[in-house]
Amino acid sequence: MEQNARREFFIRLAQGTALAATGGLIWSALLQQQAKAMPNALRPPGALDEDDFQALCIKCGLCVRDCPYDTLRLSTAGDSVPIGTPYFLPREIPCYMCPDIPCKVACPTGALTPELTDINGARMGLAVIDIENCLSWQGLRCEICHRECPLTDTAITVEHNPRKISKHALFVPIVHSDACTGCGICEKACPTDEAAIRVVAHELVQGKIGDHYRLGWKVDTTITPDFKPYEKSGPLPVAPDASGGLDYLNEGVP
Amino acid sequence: MKTGRGAIRMASNGRPVRPFIMPSTLSGRLGVWRYLILRRITQLTILLLFFGTAHWGWSVAGRPLLSGNLSSSRLLDLVPMADPFAVLQIFLTRHMLQPEVLIGAGIVLVFYALVGGRVWCAWVCPVNMVTDLAGWLRTRLGIRDMFHVNRDIRYSVLALTLVLSFLTGVAAFEWVSPISMFHRELIFGAGLGWTAVLGVFLFDLLVVKHGWCGHLCPLGAFYALVGRFAPVRVGFDAPTCTHCGECARVCPEPQVLNLRQAAEAGMIRSGECTNCGRCIPVCPEGTLQFDLRHRIGAADQSHESKPHQRRLA
Amino acid sequence: MEITRREFLKSSIAATTAATVGMPLIQGAQAASEDFEADWQWDKGVCRFCGTGCGIMVATKKGRIVATKGDPDAPVNRGLNCIKGYFNGKIQYGKDRLTQPLMRMTDGKFDKKGKFTPVSWEQAFDEMERQFRKAYAEKGPAGVAVFGSGQYTIQEGYASAKLMKAGFRSNNIDPNARHCMASAVVGFIQTFGIDEPAGNYDDIEHTDTVVSWGANMAECHPILWSRVADRRLSSDDVKIVNLSTYANETSNIADTEILFKPGTDLAIWNYIAREIIKRDAVNHDFVDKHCVFATGPYDIGYGMRNTDKYAFDAEKDIMAKELEVTLTAEEAIAQRRKTGEKVKQNNTKKPVKHWLITYEDFKEALDPYTLDFVSQLAKGDPDESLDDFRAKLKLLADLYIDKGRKVVSFWTMGFNQHYRGSWINEQAYMVHLLLGKQSMPGNGAFSLTGQPSACGTAREVGTFAHRLPADMVVMNPKHRARSEQIWKLPPRTINPKVGSHITKIMRDLEDGQVKFAWVQVNNPFQATANANHWLKAAREMDNFIVVSDPYPTISAKVSDLILPSAMIFEKWGGYGNAERRTQMWREQVPPPGQARSDVWQAMEFAKRFRLKDVWGEQMVPGLEAEGFESGKLPDVLDKAREMGYSPDDTLYDVLFATPENRKFKWPDKVAKGHDNHTVKAGALDWFPEKALYQEYVQFGRGHEHDLADFDVYYRDDVRGLKWPVVDGKETEWRFNEKYDPYVKKGSGFEFYGKALKELPTGDLDKPTSKEKTSLAGKAKIFFRPYAAPPEQPDDNYDLWMCTGRVLEHWHTGTMTRRVPELHRAVPTALFYMHPKDAEDRGLKRKDVAMVESRRGKVQAVVETQGRDDPPRGYTFIAFFDEGVLVNKLVPDITCPMSKETDFKKCAVKVRKA
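Chains as they are written, first to last, in my numbering: chain A, 431 to 684; chain B, 1080 to 1392; chain C, 2 to 914.
Excised from the complex, chain A in its bound form (with noise of 0.2 Å):
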């Protein structure tokens, strides 16, 4: 009698276990999918990274109500958002960068940081280019991204280059990353079928030069700067014990 209670204990508990595991893995699963559903939502002003922000939204919806443009909308089974989080579609509606950023204040958790007191200081996306299609690339006098942007003169400026086969030049609008909000105003206003501009997520389209180098020429760097006396920091690095590339020394000749 004691001894079956036992065992049938331990067998619930066996049972309970794999179904918690079972259970707990597809969960899991499921939300690792969830979570990298859609990386490059755009997320309102001030969020933080995708991964604390996803950690941090309650999807209370504070921020949708809040925003007086209807621009932000919360995502819902089956979009392909995170569920229950923030985000804007800027073709539909963009962020038109109110000043005292209502959705931030609205946010209870912080997943959208109150550290952003500057709208300028946003960083919801990046603005692209496809050259391909853009008309102001292709010689119009279009570049309505760069005069409807409103950093213009600094997120998007516009370059002038010879057409070469007219005597007209180029009106070409360059985003940079140093000063894009991702607002998405000019992907809104473009005029082509298809926006010809549009703002994606920094990590989708920004890419990143190696720690090790550094540009030696930049616009506003031509002078060297003096040497200054050479100083040790810290410990000098320690070799290891044995030589590398034994092996392949050893392999045998080919």
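Keep in mind that the hints were calculated from the coordinates and are not lab data. Watch out, some of these pointers could steer you wrong.
Result set (DSS-like, lysine-lysine): computed pairs, CA atoms no more than 27 Å apart in a straight line [claimed, not checked]:
hint, chain 1, residue 1, chain 2, residue 2
1, A, Lys597, C, Lys633
2, C, Lys723, A, Lys597
3, C, Lys739, A, Lys597
4, C, Lys96, C, Lys640
5, A, Lys597, C, Lys404
6, C, Lys113, C, Lys91
7, C, Lys350, C, Lys771
Examples of chain C residues lying across from chain A (beta carbon under 8 Å, computed) [stated by the list, open to error]:
hint, residue
8, Arg79
9, Ile84
10, Gln101
11, Ile190
12, Asp231
13, Arg806
14, Leu823
15, Arg825
16, Val849
17, Glu853
We put the CB at the ideal spot given by N, CA and C, even for glycine.
Chain A is already provided as a structure; the job is to place chains B and C on it using the hints.
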């Protein structure tokens, strides 16, 4: 008085066991349904307040009436409220939250700790309306359980939620919760959230009776723990009970109606009781009544003087 | 654009199949989709929008425009377009296109207070005729009017002008081009004796220096600006200066941006002129041979009404200046007077009179315009240091004076829409003539136009209240006689009294002088300043207003009868751009529903009147002319009989379907199969657009305005020709012997324009002798002083406000706002102001502000960053948006000489709405 078909069964307390009979008058029926009606009014009013504030700009003195949703909200732009379970999950993702949402979660936690944790389930949660419908239909159609599920599994789900939140870095239940999905989509516009609710409905209807709310929902489990010592309880006047079983027939969490324990405590003590009040009007003896925990303690000494209300003549 | 469903399926099935089996879409499949284009028919056209006159190609299929492209062979644009030009193919397909006549009716009858109801063309013309007859009987030729356009095709403008001037004997036809380049015209006529620029766009490639004055060329002449930018890129020696009252897109490629206070451009020119003299840089050889010096009166008012009977209380203080002005300290210095002197405006009736002065007088007049004086007066940005500003002005003078430099000055509405617009145009020529930098490749003062045919139609055809074709004027008996001869009219048919200019037609509606008005190809109730007066006049006075338009505009909304019009490629037509280039196109697609060309409308209306209705004696109050009884036009019916007309001939017979015109038969092989709905709708066997054009060219041939034959412009190898076209050759630079066949051989240069070339002599204040000197072949160098703007910010209305255009929208937006893409890009007119000014008024960007002037108020969205960057104290808003009717705020102050409204300067106050 009833005219029985067979012999009148006598209860152990010496009274005849009388079944519950649905009154034929409308006012009588409304009396039986009074808690049901009140719950629906509460549930729908809360939904309506959220919806009206979001869509019709309802406000008082320029302050939005009730903005946000059940995950986090603001009453009159002043009183923050937040789902303490969601906050707990986020907390476990190792993220620091802003004070507002912590205060909000505190306010809600204290409220349910006082009125009974699962009051949330019966009086606020919008999914409750769906599962109640499923339960009602199920009885109508005479559907039997496919298999038995242990009701304590919800505590495992609760534990799993917390563990997964910690491991995956996202609020695990919030990401799949049919409750938040349903509520959000009712307020902010429909997506495919209804499919999750349909799933819950079908599960409750066809698979396990009270399957979601009574067996699986970790939020319910969370509130069951929160409401463990809530002052607002269903009091149990043991001497009047004839063990007729009418209460257990309507109760969505019948395990809480352990009459032996109830008799000892003078009340339904389990946190799993949702304070839905279904049992109260169907009790032919008036044994079950809402009451306060400390009054029940006092009444233990003089339960003779407790007024018995008889609904049936 | 629209591709038939079947074709679409063909290609999309291919695409989906490829996609579903995971095959990449290969080149061949793409080529298959390009097969749609195989049966598109391409033909040449002209851009519908600005005065640049870009060539475009139009593709049609089954009566619909399916695509357009920039014409690679067009010398103006070489295949490029701006973003408006990109949408030429979409403007006619707006959802609310008008397709049937609409009349205000109650119970089946016309009622001024009734609701617009569809009627037949017959009913529409019936009521129009009735109302016209009523007004004509009551008020005579002065009681009817036409609001014309700089966007008329040549033939439309010609038909309307002929109907009004020769048929109804009324000079009350005036185009919206009055608002656009009337000041330029006065400048040209007074300086050169002939209208329109000497140079052409190739000046851009020839010059070293481009100075843009009061023109946001980057937005308003986008394709020209890309040529300027290209020139700038070609060499660092090329310099660009942008003079403006606020920082705009044109500053982007400018080497120097000079922000000046509104109106002080008058002083800046004089500073440059003074500097030319001081540095002994006058090209004496050129000036002595080809120029004379002249000046005119200063007390000419501001073109406002001379009574405040109709004024709102708040605007009375400004209107009082029409009668008397108290000189400011700066004006006193600039005009050699005393500060605070009250000057009666005695020359408001004769502002254009002028007389010769000596070079010494001229020098003396310029003497006050020192760098000290002008820099203090003109500095426009309070946050800029005076030293910086001084340095910029000096640099500007250096650039002009530098002997090694060629200079082109461009300007548009900043000069033309100016309370002294004619003066400032003349000042530009003053500087260029003093330096001898005029009428040669890369050197010249170049007035740009705003509208596609402000030159080709409004100016050359003469759809103005005072003009006849080819620079002739109604006041001149010889010009009338010549016109009557070409038009085959009895002598003294044409009314010698100048009609009402476009703003005056509005005033005439307000005071009940005009009872019938016909709006053609423009939207005057949105585009005319001080709109509150006119909107009210249209709806509340006893008058009848007809609006011909393809779309429901504000003007249509306040009218009584709306006639649906055909749009540019739905009819045959021609435009003339700012470099004298005449370009023509064929009808590409039929107009929708019952919409009809304006030529057809004019001809149909003409059928309703007989000679006896209009060529009898007519009362014209105020008419005073040699050979005319005072206040009367003579009965010319007898003379008409002698010429073979019958009093029962209709105006259509006499003016349009003349025996000569009917010789131009339809069909015509120039059509190459294209249709003509005007011919069809009128059941004609002749080709009205060609006939009218061929009749019109008689005016200019041999009179310095030669145009080629109709068919020449339709040749496949022709992309417009710059007049005068003599012996089949266009003229690149006028007045220059090397290029212009009209210049006397051996003279080098000859400013051969014939107008106003007999002048008395005088001193700086007045003519001193009646004797007139002939200045044949010479240009005049005018001295014009600085005068302060009549309305300036004060304690109450404390900000300057300027209106204008944006690249994305054309004028009042009636076409561009119907292109969804353009509307999406720029949905509303933003109120640009300095962030500090906004902050001081409790405004943030995107707040809705109430902008209020003495004349009205409108709500607009505030913008403090973006394309325009006004200095503190200054604001800008575009006028395209009918939701923000900014012309309710702007005063109807005009240049008294040109009658062109100053849309660029008024005082407003701004608060949160």
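Consistency of the hints with the structure:
| no. | hint | verdict |
| --- | --- | --- |
| 1 | A:Lys597 x C:Lys633 | violated, 57 Å |
| 2 | C:Lys723 x A:Lys597 | holds, 19 Å |
| 3 | C:Lys739 x A:Lys597 | holds, 24 Å |
| 4 | C:Lys96 x C:Lys640 | violated, 51 Å |
| 5 | A:Lys597 x C:Lys404 | holds, 26 Å |
| 6 | C:Lys113 x C:Lys91 | violated, 34 Å |
| 7 | C:Lys350 x C:Lys771 | holds, 19 Å |
| 8 | Arg79 | holds, 4 Å |
| 9 | Ile84 | holds, 4 Å |
| 10 | Gln101 | violated, 31 Å |
| 11 | Ile190 | violated, 32 Å |
| 12 | Asp231 | holds, 4 Å |
| 13 | Arg806 | violated, 12 Å |
| 14 | Leu823 | holds, 6 Å |
| 15 | Arg825 | holds, 7 Å |
| 16 | Val849 | violated, 11 Å |
| 17 | Glu853 | violated, 24 Å |
Violated hints for the displayed structure, listed by number in ascending order: 1, 4, 6, 10, 11, 13, 16, 17.
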